[in-house]
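Student: Respectively, the protein sequence lines represent chains R and A. 369 is the number that the UniProt record's numbering gives the last residue of the first sequence; the numbers go up by one with no jumps. 659 is the number that the UniProt record's numbering gives the last residue of the second sequence; the numbers go up by one with no jumps.
Derived by calculation from the structure, the hints in this document are not laboratory data. Heads up, some of the hints might be wrong.
[What the hints assert, rightly or not] If the Cβ cut is set under 10 Å, some of the chain R residues that face chain A in the computed set are:
| id | residue |
| --- | --- |
| 1 | TYR46 |
| 2 | ASP194 |
| 3 | GLU199 |
| 4 | LEU235 |
| 5 | LYS244 |
| 6 | THR247 |
| 7 | SER248 |
| 8 | VAL333 |
| 9 | LYS352 |
| 10 | ALA355 |
[To be verified] Each computed EDC-like pair below joins lysine to aspartate or glutamate, with the alpha-carbon atoms no more than 16 Å apart:
| id | chain 1 | residue 1 | chain 2 | residue 2 |
| --- | --- | --- | --- | --- |
| 11 | R | LYS352 | A | GLU649 |
| 12 | A | LYS438 | R | GLU221 |
| 13 | A | LYS582 | A | GLU569 |
| 14 | A | LYS566 | A | ASP603 |
| 15 | R | LYS201 | A | GLU465 |
| 16 | A | LYS646 | R | ASP356 |
| 17 | R | LYS225 | A | GLU589 |
| 18 | A | LYS475 | A | GLU504 |
| 19 | A | LYS438 | R | GLU218 |
| 20 | R | LYS225 | R | GLU240 |
| 21 | A | LYS438 | R | ASP137 |
Just so it is clear, CB atoms sit at the ideal spot from N, CA and C, and this is done for glycine as well.
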Amino acid sequence: MMEEVKETASVLSVHDDSIKVTEVLKEGDTLTFIIVSQKLSGTGEYHVDRTYEDFEWLQQHLFSQGDVPGIQGVIFPPLPAKPQVNASPRSIKQLGFLALGECQPYCKALETFLQQVAAHSILSKNKAVEVFLTSSDPPGRQKVKKNIFNRLSQAVEEMRKEGHKDVDEFFQNERDHNLILTGCTKTAAEKFLDVVATEQKIAVACGHFSTALHLCVEPGEDPDKQAFSRVCVKLSEVFESIKKNMTSVAENNVNTLGLGLDLESRYQEAEREMLFRRTCKLVELENAQRNVEKAKPVKKAAMEEVKKAAETEFEHTSGVAKQEIARFQGARVEMLQQALVGWCEKQLLTAKESADQFNQHLEVFRGMA
Amino acid sequence: MATSSERSPPPFPDSEDQDVLDAEEVRGRDSDEDEDLFGMTEMDTTPTSDVSMKPPSDIMNDPLIEPMIKADVTVEATIDRSEVTAGVIDPLSQQEAKQTSTAPVIDLSGDSQPVTSKIADPLVALFSDAPPAAEAKKPSSANVDLFDDEEGSDIFAEPLQTKPAKQPQKSLFGEPDEDVFGEPLGAISKKPVPKDKPADIFSQAAASTPSVTSTVNPKTNGVHSEEDGDIFAEATVELSLDSPRNERKKEATAKPSAPAPTSLPAAASLAKPQPPALEEVRDGMNAYMAYKVSTQTTLPMFRNKTFTVRRRFSDFLGLYEKLSEKHGPNGFIVPPPPEKSLLGMTKVKVGKEDSSSTDFVERRRGALERYLQRVVNHPSLLQDPDVREFLEREELPRAVSTQALSGAGFLKMINKATDAVSKMTIKMNESDVWFEEKLQEVESADQQFRKLHALVESLVVHRKELSLNTASFAKSAAMLGSAEDNTALSRALSQLAEVEDKMEQLHQEQAASDTFTFAEMIADYIRLLVGFFPHRKCEFCDLQGSFDHRMKAWQRWQDAQSMLQKKRETEAKLLWANKPDKLQLAKEEIAEWEAKVTQYERDFERVSATVRKEVIRFEREKTKNCKRQVITYLECLLQSQQQLIKYWEAFLPEAKAIA
């Protein structure tokens with residue numbers, strides 16, 4: 001799908017897959033991300049610095065492209081939640097995997113977001129994307145107004161439409177399925193996060209134990225004591241290795257499957273929002289149809305027009321949505337596969353390295369007099 | 001243990017290596033050494049007499065133990081080759097263990113101050129025993145067996161090396177140390193008759209040991225194996241022939257085939273062999289847990305070679321009470337049993353299915369087993385009739401009821417409290433720097449072990465949490481898999497769930513390994529050092545207890561001295577007052593008190609020597625035990641990594657197959 005994008009996306013002057021978020025700068029409470037991308041025209045790179053507000057600005061622009069038919073049917077690449085410098089437990093929970101470590105997972109998520117946007121056949125045509133990626137001036141520093149696409153706008157009453165019966169079986173199935181998958185993915189991601197958190201705790205505990213073992217070292221010439229001290233020191237090294245092992249297992253988990261599950265879960269959310277928007281359109285259309293039926297002759301023509309407009313919009317939306325869903329299904333399987341394969345390979349590597357190390361320790365102990 | 005290096009003759013190693021290789025690739029050099037011994041032993045075997053003569057054996061008094069161990073190891077190895085079946089292996093390992101245990105017994109005999117100083121040996125023996133036990137426990141997996149073997153061998157090798165260091169110490173200590181060493185050596189020197197089968201190997205090994213005996217001190221314990229009874233029996237017999245001192249040696253080897261393979265430090269083991277190690281006896285309100293104590297031994301002091309008795313927890317405590325009463329004053333470190341836990345036991349009684357209660361029971365079982373092994377491995381304690389009775393007698397008098405015990409504990413507490421007071425008021429002018437330092441070391445070691453224990457416990461908690469979290473992730477992965485439309489992805493996710501399930505097992509095992517290798521080991525040390533009771537400085541202090549006993553002896557001596565002084569003054573007064581009739585009486589009194597002073601002084605010196613010996617034994621054992629445990633632990637770690645690698649390797653193609 002990326003190739004397809006490149007053909008049509010003459011608007012964009014960078015390679016979508018070359019976009020990287022390379023660095024984070026902390027200034028007070030704001031985080032600034034350095035984004036590097038390669039120019040399509042031969043050599044050269046764009047370096048721009050963007051804050052989270054700039055990302056929001058970009059997303060708002062993508063949401064509010066009224067002139068593009070069927071824009072409502074697009075599954076917008078999900079932007080991760082706002083990072084906090086001094087994160088409260090709640091925002092950490094909201095961020096999930098992205099709150100772990102030193103921003104790398106978060107940068108990775110932003111990077112994925114930009115790449116997805118740039119690779120998207122419809123979204124990449126938006127001027128805002130080009131501006132965001134190439135302009136040296138930060139575009140989005142003015143206050144953004146929240147529009148109807150904002151997640152928060154899903155008011156409670158609107159939620160009722162979620163249950164609205166669909167006219168199209170395909171969409172009905174997709175909605176049902178999406179609902180289940182969203183739940184499952186979210187749970188899986190949370191559970192996996194728990195696993196990672198515990199692994200980190202174990203790593204810390206091993207570190208403590210390793211340090212404490214050094215306290216058992218007894219001074220003195222006594223060969224017995226020296227022997228015991230040697231055992232303690234070696235054991236401390238062993239636990240240091242265990243700690244390293246656990247740390248890298250946890251890191252692998254975060255960087256592969258963790259990010260994968262997180263992205264998957266956010267994408268499922270995005271799909272759900274798209275489906276919801278389409279459902280809203282459907283409800284709108286049905287209302288218009290009812291209005292036409294009920295309308296008095298005088299207003300009939302006007303109503304008819306409204307209905308027609310709703311109908312076209314709905315059709316456009318549905319058409320785009322169908323494409324998007326097909327694209328999304330392919331993309332997510334590929335993404336998850338990559339995550340799983342990468343995960344497996346990394347864990348395998350770590351396990352082998354650790355096995356080697358443990359084996360060495362074992363040899364040392366066996367050789368110890 | 002340095003001796004070991006000496007022992008291992010170059011030629012043998014090759015054979016051993018081969019064996020090892022066969023058995024396991026993983027094996028380290030240690031195993032090789034063992035094998036070497038083996039090889040030697042085998043060669044020796046044919047000519048049994050030759051074996052005894054062989055020099056290698058002498059080297060080893062320690063080595064003897066090692067050889068025994070080695071022999072054991074070998075046996076296992078052999079078994080592996082010939083028969084993969086774990087069952088066979090187990091018996092052998094047990095036998096081995098027994099043999100090892102014997103060595104300590106020998107120590108008791110003590111006569112052999114002999115040449116070799118091998119304090120280390122007893123320890124070695126202990127270690128060696130443990131590995132076998134482990135093997136026995138995990139017969140099912142061939143891999144495990146191999147590992148065990150390796151460990152055992154390692155351990156052995158180590159002890160040998162250590163010996164040299166110890167020797168110097170011996171000289172310092174003089175007799176006591178030597179005794180210990182000598183004895184163990186003797187023990188080692190069992191002579192099994194060589195046979196065709198693995199058993200033969202064993203016997204060979206044993207034979208080699210005996211040769212040692214001839215050179216140095218001959219003490220042997222008989223090791224016996226139940227299954228290979230013939231071979232063993234022969235071996236035992238031979239032993240007795242070789243070393244006169246053997247008689248003393250007893251081997252109480254029990255195999256701990258308890259359900260949970262806890263690593264047992266001590267060779268001799270009381271274990272609960274069969275799966276139903278534990279029995280719950282419900283008798284109205286008086287429900288209690290009965291522990292099956294199985295012993296295998298070739299020691300003549302026991303009527304049978306194998307026997308099993310049923311004991312309840314209070315019996316174990318009672319044994320400790322008796323032993324510490326008898327031996328404590330002499331400066332012996334009487335191994336303390338695990339502490340009573342009303343909470344734990346109540347839980348067990350109330351809810352049987354609770355995982356924490358099974359955990360509790362298993363921990364206690366392991367602790368009791370290690371406790372008994374420590375007792376049995378202690379050369380002096382093994383000789384105690386109460387120990388024998390405990391191991392052998394069908395019904396123990398229930399005099400030591402729990403209440404009685406707590407009463408006794410209370411009395412003891414008061415006693416100790418007064419002791420503590422006297423410690424403060426009568427400051428013993430410690431002439432011996434060594435004791436002063438040791439006492440401080442013991443106190444700081446106590447602190448450190450407590451800290452370590454807390455850390456390990458928290459590690460275990462995290463491990464358990466990880467295992468729980470992994471399980472719930474596995475579940476949610478399975479759910480996700482079933483919700484997934486894409487067949488390949490769905491399949492991969494289900495596979496993932498399975499992998500995670502297996503990993504959960506691994507994490508659980510790891511948690512158990514953390515618990516039983518480190519947490520319990522450290523808890524044992526703390527118990528040994530001070531005891532867990534609230535009045536920890538006063539009650540059940542083992543090391544400290546023996547220091548106290550020494551101080552008491554010192555006090556008695558000092559008191560006698562001042563009394564003598566008084567008597568002399570009286571005599572001088574009488575002399576001056578010229579009262580010949582009373583003078584005679586005074587003279588008699590002086591003579592009496594002089595004798596007492598000499599005796600008390602001797603007592604004090606004896607106690608001091610014993611305490612010293614015991615402390616050194618304890619420290620040496622601690623290091624060895626620690627090392628052995630670490631090796632077990634590492635092997636377990638390594639194994640679980642290898643298991644992980646297998647899981648990942650199996651999963652990778654699944655992940656790649658997603659299209």
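Student: Now tell me if each hint is right for this structure.
Tutor: Okay, the hints, checked on the actual structure:
A distance limit of 10 Å between C-beta atoms decides the matter here; for TYR46 of chain R the minimum to chain A is near 35 Å, and the interface restraint is violated. Given hint, ASP194 of chain R at the interface with chain A, holds; its Cβ is 4 Å from that chain's nearest Cβ, closer than 10 Å. Annotation: GLU199 of chain R was flagged as interfacial toward chain A, and the flag holds, the nearest CB pair being 6 Å apart, inside 10 Å. Hint status for LEU235 of chain R: holds, given a least beta-carbon distance of 5 Å to chain A, under 10 Å.
Restraint check, LYS244 of chain R versus chain A: the minimum CB separation of about 13 Å is more than 10 Å; hint violated. At about 14 Å, the closest approach between the beta carbon of THR247 of chain R and any beta carbon in chain A exceeds 10 Å, and the interface hint on this residue is violated. Hint on SER248 of chain R is violated. Least Cβ distance to chain A is approximately 13 Å, over the 10 Å limit. Taking 10 Å as the C-beta cut-off, the interface hint given for VAL333 of chain R holds, the closest approach to chain A being about 5 Å.
Using the Cβ-Cβ criterion of 10 Å, the hint placing LYS352 of chain R at the interface with chain A is satisfied: the shortest such distance is roughly 6 Å. Proximity of ALA355 of chain R to chain A holds as hinted, the smallest CB-CB distance being about 4 Å (cut-off 10 Å). As the CA atoms of LYS352 of chain R and GLU649 of chain A are separated by approximately 11 Å, the hinted pair is consistent with the 16 Å bound. With a CA separation close to 14 Å, the supplied pair LYS438 of chain A and GLU221 of chain R stays within the 16 Å bound.
A distance of roughly 13 Å separates the Cα atoms of LYS582 of chain A and GLU569 of chain A; the hinted pair therefore holds under the 16 Å criterion. The suggested pairing of LYS566 of chain A with ASP603 of chain A is violated, with an alpha-carbon distance near 22 Å, which exceeds 16 Å. At roughly 10 Å between alpha-carbon atoms, LYS201 of chain R and GLU465 of chain A fall within 16 Å of each other, so this suggested pair holds. Pair hint LYS646 of chain A plus ASP356 of chain R holds up; C-alpha atoms about 15 Å apart against a cutoff of 16 Å.
Distance hint between LYS225 of chain R and GLU589 of chain A is unfulfilled; the C-alpha atoms sit about 48 Å from each other, more than 16 Å. A distance of roughly 11 Å separates the Cα atoms of LYS475 of chain A and GLU504 of chain A; the hinted pair therefore holds under the 16 Å criterion. Among the hinted pairs, LYS438 of chain A with GLU218 of chain R is consistent with the structure: their alpha-carbon atoms are about 12 Å apart, no more than 16 Å. For the proposed pair LYS225 of chain R and GLU240 of chain R, the alpha carbon gap of about 22 Å is over 16 Å, so the pair is violated.
Distance hint between LYS438 of chain A and ASP137 of chain R is unfulfilled; the C-alpha atoms sit about 73 Å from each other, more than 16 Å.
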